[in-house]
Structure formats: structure tokens, C-alpha cells
Amino acid sequence: MKQMDKTRYAIVDLEATSASSLAKIIQVGIVILEDGKVVETFESDINPHEALSEHIISLTGLTDERLAKAPDFSQVAKTIFELIDGAIFVAHNVKFDANLLAEELFMEGYELRSPLVDTVELSQIFFPTFERYTLENLSQVLDLQLTDAHTAIADARATAELLLRLKEKIRSLPLMTLEKILEFSDDLLFETRLIIDEIYREKSGESLGENWIEVGGLVLKQPANLPAQRHFSKDFEMNLGLLGLDQRPQQQLFSEKIAERLTESKPAFIEAGTGIGKNYGYLLPLLANPEIRQIVVTVPTKALQDQMMSGDIKRLEEVFNVSTQSLKSPKNYISLDKFWDSLATEDDNRLINRYKMQLLVWLCETETGDMDEIGQKQRFEAYFKQIQHDGELSRKSFFTDVDFWERHYRASKTSRLLVTNHAYFLTRVQDDKDFVAGKTLIIDEAQKFFLNLEAFSHRKCEIKQILTEIEQVLGTVQNTLHKRLLEGIQFELSHLTQQFSDLGQLDEESLEQLKIYLKELDLPILLELRQVLSRDVQQVWIEEDVFADYRRLFLKSASLVFMSLPDFLPETQKTYFISATLQIGHQVTLANLLGYEDYTLDRLPKPFETGQHIFVDDSMPTVTEVSTRRYLFEMAERIRELLHLERPILVLFTSNKTMLALSQILDEWEISYLCQHKNGLASNLKKRFDRGENQLLLGSGAFWEGIDFAQSDQMITVISRLPFDNPQSLFSRKIETYLRQEGKEPFDDYHLPVTILRLKQALGRTIRREQQQSAVLILDKRLVTKSYGRDIQESLSEQSELQIQNFPKILTEIGYFFNKV
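Going by this note's numbering, the first residue of the sequence shown is number 4, and it counts up by one from there.
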């Protein structure tokens with residue numbers, strides 16, 4: 004064997020007949036790097052002497068005819084071995100390439116003993132915020148040259164470029180961080196740590212530098228100092244110009260209404276359509292007013308909160324130096340104390356140790372400490388729960404001055420602009436009335452806030468989690484009576500779960516027995532269960548959350564009386580409620596449901612959307628008259644046809660269970676897609692979809708009302724079914740009782756208007772700017788067959804052109820609609 008030259012790397016990529024261990028090599032690409040430069044390359048097709056599958060032909064572009072003319076591996080084995088022998092073997096997913104090549108070489112009498120380095124694992128550690136680590140994705144986000152993916156030499160060249168970029172990134176990190184990473188690097192695949200070792204030796208003796216600070220043995224990014232805020236003009240149009248934006252008539256009208264209502268003490272409800280630039284419409288006039296001490300904005304979801312901070316708010320920071328702060332629940336932020344303790348704990352789990360290395364890199368980069376920035380944390384959720392903040396900080400902590408949660412909370416009190424989300428806003432106000440007292444409050448997407456307020460009044464606990472905690476505690480309990488009570492609670496909870504799984508209902512006797520046990524036993528692990536079964540709740544039920552590979556059962560409870568927001572909120576300087584629809588029906592307004600009697604309501608005119616066209620498919624079977632499986636197959640067929648139009652497609656579902664069932668059909672048909680709860684969090688999937696990683700996105704929840712798609716010039720939205728509330732849910736029964744007491748008809752005055760509202764919110768996700776084109780396909784035939792369908796049609800037609808046709812005609816019309824510009 005040649006003497007090892009550690010500056011020589013053989014970057015290898017193989018294409019093969021499959022991804023299994025029995026695969027045959029069909030193409031080899033090798034790039035030799037020395038001292039950071041390509042000094043030699045090798046590429047060759049290989050005849051596998053077996054037919055290729057359609058999938059491999061489609062993936063690689065190779066054919067049986069082409070490979071029939073290629074050399075056998077035995078004919079190139081010597082050349083390959085001599086080229087890579089003595090070099091460090093590098094590949095993207097090195098286990099597959101090295102094992103396959105080593106086996107083929109061994110059959111020809113050559114033994115591959117090169118150290119092996121995996122660029123997938125290095126990328127996961129040193130680029131911690133990426134959502135995916137495929138070579139295609141890395142090439143896109145790092146701007147690597149990959150002109151012909153799944154061609155061996157092209158992939159090898161891109162991997163070589165990736166290796167150089169990785170070394171550059173590792174070299175940019177402080178020495179102390181690399182030293183800490185190396186404590187865990189034996190858990191890396193094969194000899195991957197060689198790359199880190201090499202650069203660590205290069206940097207020996209290097210000082211920390213001014214970009215970082217060291218606290219308690221951890222290296223953190225030095226917080227940036229924000230310059231003094233620049234003055235806003237009183238002229239809205241001039242402020243827009245400084246932001247590099249053009250004036251929009253609807254946005255101008257909206258901003259004038261914001262300024263006008265500021266002089267009045269009453270809460271202001273302002274109804275404004277989507278796509279008018281509402282964020283700047285309310286922020287610019289309020290920021291220009293020096294009498295406003297702080298503006299608090301609350302939005303429906305964390306995903307929308309992040310989207311706002313990285314978009315419009317970031318631009319305000321850049322142009323006007325506005326002091327802004329995003330605030331979430333403490334559990335979103337890393338606890339430096341808990342993370343430090345985890346570093347000192349030996350773990351046999353290789354994945355946990357890789358996450359520790361990843362987080363050490365991330366701490367050198369993050370300004371927020373918000374663990375939502377970590378792209379793949381959902382793969383080992385238990386570890387991230389272990390290190391999440393609980394809102395408490397010991398006086399003995401090394402990290403008192405730099406703790407992310409504390410820094411965010413302190414900054415939230417003094418920043419000019421504070422952005423949060425509805426769920427955390429309600430929790431924070433309940434604990435601390437000063438959080439919003441005397442400030443100017445903007446409740447954006449206010450119709451969603453009402454639902455959050457209702458959910459906030461609910462209580463819940465996860466049954467499996469409580470059972471697990473009881474099991475852990477049982478072995479340590481000395482008091483015999485306490486042990487028997489815990490065993491009783493454990494039995495009744497297990498019985499409740501079994502009864503729900505078998506019969507879909509709640510066992511009232513078990514509930515009453517649980518309440519008896521809880522009266523006699525006061526332990527911290529039973530706090531959530533005690534709250535769920537407290538005296539002030541009138542309704543208790545079990546609810547199931549279904550995800551791709553697991554389900555969670557929650558015991559929930561609620562009062563049958565709606566919360567009054569005026570009683571809950573402290574007195575503010577001004578409160579605005581902003582929404583695309585505030586007048587729910589002819590008889591019901593959102594203000595009524597929130598408990599307001601004295602308020603102002605402004606409804607801005609909504610322009611007709613010429614860039615959006617709505618199609619109703621009357622050839623689809625009626626959702627309530629066929630099996631779910633049949634309905635999903637019909638939907639999948641239409642999606643497959645729509646993909647031929649080569650436009651981004653968003654498919655909206657009203658239930659996760661249905662969405663995941665459709666994803667299984669798409670898997671069977673080998674249709675590529677991104678799916679919420681299966682491929683990641685909503686915010687991460689949105690980024691991947693925007694980057695064009697996939698043209699098909701399946702979503703629910705936040706995708707109806709909380710996430711905007713402004714980047715795609717042309718986009719298709721598929722509505723799987725009308726978004727009616729579940730008539731059997733507690734909320735439906737509660738709202739019906741309330742409305743009947745008010746002398747109103749629940750379906751006509753609430754359920755139908757709210758369904759129309761949700762549809763309009765969904766339509767607004769993909770028509771966010773001028774020149775954008777949005778085609779919407781509604782598959783629920785009830786829009787045509789039911790009497791209330793006419794009301795929905797008329798309401799949607801006020802917003803966009805609407806046509807009812809069979810699917811073949813719709814497919815043609817959508818193609819024409821996109822091509823007519």
C-alpha cells in the first residue's frame with residue numbers, strides 16, 4: 004500500500020442498478036484533489052450484464068443499449084485501484100459507494116484499505132440549519148456546480164466542491180469549538196473525523212477572535228449592536244420608497260385607516276383583503292408615530308412569525324434600524340445549562356452525539372437560540388425536549404448574561420416592535436399583564452385568534468406521556484398508599500385508552516375513578532391531569548392526533564362558556580384586529596364572538612382578482628357518497644394529471660389522516676412530493692417548496708391560513724374538500740348553543756360563513772402580489788349538488804372568476820390560463 008498523503012483525496016461517486024447491497028455498478032466517477040485543486044479525473048460506464056429498471060433509466064439517463072457497449076468492471080479495476088490507493092476515500096453517503104466498490108475490487112484481486120470520509124455526515128454537522136442533505140439540495144443552497152445530477156462524474160465533481168466548502172466552513176470556526184467537537188467525533192462514520200483533525204491541527208494556537216465570546220466553556224456568537232433608529236417620514240409613500248417598494252392603492256387606503264383609528268380609544272376592527280401588503284400597511288404609520296412606545300404584533304403561527312421576521316421585519320431593520328424582537332414560548336429556545344449538562348453526559352447513541360456536534364457549530368452562528376432553526380431536529384425529538392428551556396434560570400448559572408430566553412424576554416420589554424404568535428401571546432398575557440398593557444396591539448389574522456382563544460381555554464395532557472412518567476416514578480415511591488393510588492391512575496388511564504381504541508368513546512366510570520384518586524395524591528407529574536379534570540370544566544373527551552408513523556392520544560377538557568377577550572386583555576394604548584373577513588355572516592361578527600360590544604368596524608373594498616381563476620370539478624364523486632379510498636384515488640389521478648402542467652401544486656387537506664392516506668397512494672405510484680408531518684415541519688417544507696425541490700406539497704393546518712406563497716409566479720391550489728368544522732366536535736356544539744341563545748341559526752349564521760371565510764383565506768395564500776397567477780381546483784362536488792353550494796359560489800365569484808366543469812376541460816383551461824399572459 005502506498006504511503007498516505009493526507010492532502011490527497013479521491014472523491015468517488017457510483018451509479019448502480021439499485022440502492023441494495025446486491026446492486027451492480029453501472030457508472031464510476033472519480034475526482035482527485037491535492038492541496039485543494041483537481042489534479043486528475045476518471046469516468047466510465049460499466050456493463051452490469053443485467054437490464055436496468057425504469058426508475059434507474061429515468062434517474063441516470065443511462066440505457067441498456069449504451070451499457071452493452073461499456074467495459075466490464077474487470078477491465079477498469081486496475082486503473083481505479085491505482086488512482087484511489089493511498090488517498091482518503093470521500094463520498095456522499097460513503098458507506099454505499101465504498102462497500103460496493105470494495106466488493107467489486109476484491110473480486111478482481113484488489114483490497115481497498117483507504118480511510119473513508121462521508122460528506123453527508125460532515126454537512127449535517129457543519130451546516131446545521133439545512134433541512135435536507137442530498138447532494139442536489141446542498142448544491143442548490145451552497146451554489147455548487149451540479150449540472151447533471153445522478154451522472155457519476157458530475158456528482159463526484161459536486162462532492163469535491165462540497166468537501167472544499169466544508170473544509171472552508173470548518174476552518175472558519177473557533178478552535179475551542181473544534182476541540183469540543185472532536186470529543187464526540189469518534190461517533191462519526193468510519194474515518195470522517197480526519198477532516199476535522201486536519202483543520203484543528205492547522206488552527207492550533209489560534210485566538211478566539213472578535214466574532215465570538217466564550218462563556219462557561221461554550222463559544223457563542225457575539226450579539227450585534229443595533230445602530231440608533233432612523234426617523235420615519237410621516238409620508239407613507241416616502242417610507243415605501245425607502246424600502247424600495249411601489250405604492251398600492253389598497254395598501255395606501257389601509258394605512259390611512261390605521262392612522263385614523265389610532266386617535267380613538269375603541270378597539271378597531273379593519274377588514275382588508277389579502278395581497279395588499281398589510282404588514283407594511285399597519286407597521287409604517289404606527290412606527291412613524293413617536294407617541295407609540297411599543298407595537299406588539301401577534302400572528303397565527305410560529306411559521307408565519309418566522310416568515311414575517313425573515314421578510315418584512317428584516318427589511319425594516321436594514322433600512323430604518325428598528326429595534327425588533329421575535330418572542331416564542333421558552334421551550335423553543337435552547338437552555339445552555341441543559342445543553343452543557345448533556346455534553347458532560349456520555350451517550351451511546353451515535354445520533355445524539357452527532358446532534359451535540361451540530362449544536363456546537365450552531366451556537367457559533369445563531370443570534371436567537373431558537374431551535375426551530377435546526378433543520379432536522381424532528382428526527383430525534385426526545386433529545387431536543389431534554390435541552391429546551393423551561394423559562395427558569397438558576398442564579399448559579401454560568402450563562403445568566405447570555406441565556407437566549409432571558410435575552411429575548413429582556414429585549415421584548417424595550418424593543419420598538421415585538422412579534423409573537425397567538426398561542427404564546429395568550430399564555431404570556433395570562434402570566435404577565437404588563438406584556439401588552441399600555442402598548443399598541445395588532446392582532447393579525449384575527450379570525451384565527453378567536454379559534455386560538457377558544458383552544459387556550461381548553462386543557463389537555465398526553466396520555467402516553469403521563470403513563471410513562473408514572474412508570475418511571477413507581478419504582479422510587481416508598482409510601483404504600485401513594486404507590487397504590489399511582490397504580491390505580493395507571494390502570495384507569497390504560498383502560499380509557501383501550502376503550503377509546505375499541506369503541507371510540509370515553510368511559511365515564513373510569514373518569515370518575517380518576518378524579519377520586521387525584522383528590523388523594525398531589526404529585527408534580529399529575530399536575531396536567533389534575534388540571535384537565537378540575538371542577539370548572541364541563542366537558543371531557545379524548546382526541547387523537549395522527550402522524551406519518553405514530554399517533555398521540557390526548558385527554559382534553561373545556562368549559563362550555565366562551566372566554567371574553569375584553570375581560571382577559573389589560574388596557575392597551577390601542578388594539579387593532581386585522582383580517583380578510585371580520586363579518587362572518589349577516590348576523591355575526593368576529594367582534595361579537597370575542598365579546599366586544601363597543602368597537603369600530605371598517606371594511607375596505609376588495610378588488611376582483613384577475614390573476615386568480617377558480618375551477619369546480621363536477622366530475623369528482625361526492626365526498627359523502629363514496630368510500631374514502633375511492634375518493635383519494637380520484638384525487639390522486641387528478642394530481643398526477645396536473646403535474647404534467649409543470650407548475651407548483653399545493654394540495655390542502657382538512658385532516659392529517661386523509662393527507663397521509665393520499666401520500667401512501669402517491670408512494671405506490673412513485674410520485675414525488677413533500678408532505679407535512681411526514682417530511683418535516685410546515686415552515687421547513689415551505690422553504691424547500693419555494694426552492695423548487697419538489698413541485699407537489701401536501702399540507703393542512705397552517706397552510707390554509709398561515710403561510711404565504713409569494714415566490715411562485717404561477718401556482719395551482721387543490722382544495723380536497725370544503726373546510727367545514729366537525730359537527731361532532733365540542734367547539735361546534737358550543738358555538739351552536741351560544742348562537743341559539745342569541746336567537747341565531749348556527750349553520751346559516753356561522754358554519755357556512757366560516758367555511759367560506761376559510762376558503763377565501765386559502766385562495767389568498769397564492770395570490771400575494773401583482774403579476775402572480777393562481778389556479779384553484781375545488782374537488783368537493785357539494786359546491787354543485789347542495790343548496791348551500793350556491794351561496795359559496797356567489798361569494799367566491801365576487802373575488803375571482805369561477806367555472807364549473809369536468810376535469811379534462813379544467814386541465815385544458817388551467818393550461819390556457821397560465822399560457823395566455
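These are calculated hints, taken from the structure and not from any lab test.
Bear in mind that the values here come from a model prediction, so they are computed numbers and not experimental data.
A hint or two may mislead.
Straight line, CA to CA, 27 Å or less: simulated DSSO-like cross-link-like pairs of lysine-lysine [what the hints assert, rightly or not]: (1) 334 / 436; (2) 260 / 317; (3) 224 / 260; (4) 463 / 334; (5) 609 / 660; (6) 609 / 334; (7) 334 / 224; (8) 334 / 681; (9) 341 / 317; (10) 72 / 40; (11) 442 / 467; (12) 737 / 681; (13) 237 / 416; (14) 237 / 260; (15) 436 / 486; (16) 224 / 170.
Does residue 40 lie within 27 Å of residue 72 when you go C-alpha to C-alpha?
Given that 27 Å is the threshold and the Cα spacing comes to 33 Å, the pair is violated.
Measure nothing beyond the straight line between the CA atoms of residue 463 and residue 334; if it is 27 Å or shorter, mark the hint as holding.
Between residue 463 and residue 334 the Cα gap is close to 17 Å, so the pair holds against 27 Å.
Holds or violated: residue 341 to residue 317, with C-alpha atoms at most 27 Å apart
30 Å, violated
27 Å limit on alpha-carbon distance, applied to hinted pair residue 237 and residue 416:
25 Å, holds
With the threshold set at 27 Å, check whether the alpha-carbon distance from residue 260 to residue 317 stays at or below it.
Between residue 260 and residue 317 the Cα gap is close to 25 Å, so the pair holds against 27 Å.
So if I understand the rule, the pair passes when the alpha-carbon distance is 27 Å or less; does residue 609 with residue 660 pass?
35 Å, violated
Check the hint pairing residue 224 with residue 170 against an upper bound of 27 Å on the C-alpha distance.
Judged against 27 Å, a Cα distance of about 20 Å means the pair holds.
Given the hint that residue 237 pairs with residue 260, does the C-alpha gap stay at or below 27 Å?
14 Å, holds
Hint check: residue 334 vs residue 436, CA-CA at most 27 Å. Holds or violated?
With Cα atoms ~21 Å apart, residue 334 and residue 436 stay inside 27 Å; holds.
Taking 27 Å as the top limit, are the C-alpha atoms of residue 334 and residue 224 close enough?
21 Å, holds
27 Å Cα cutoff - pair residue 737, residue 681:
Outside the cut-off at roughly 33 Å; violated.
Straight-line alpha-carbon gap residue 609 to residue 334, limit 27 Å
Violated, because 40 Å separates the two Cα atoms, which is more than 27 Å.
Figure legend: structure checked against the earlier numbered hints; hints not met, in rising order: 3, 5, 6, 9, 10, 11, 12, 15.
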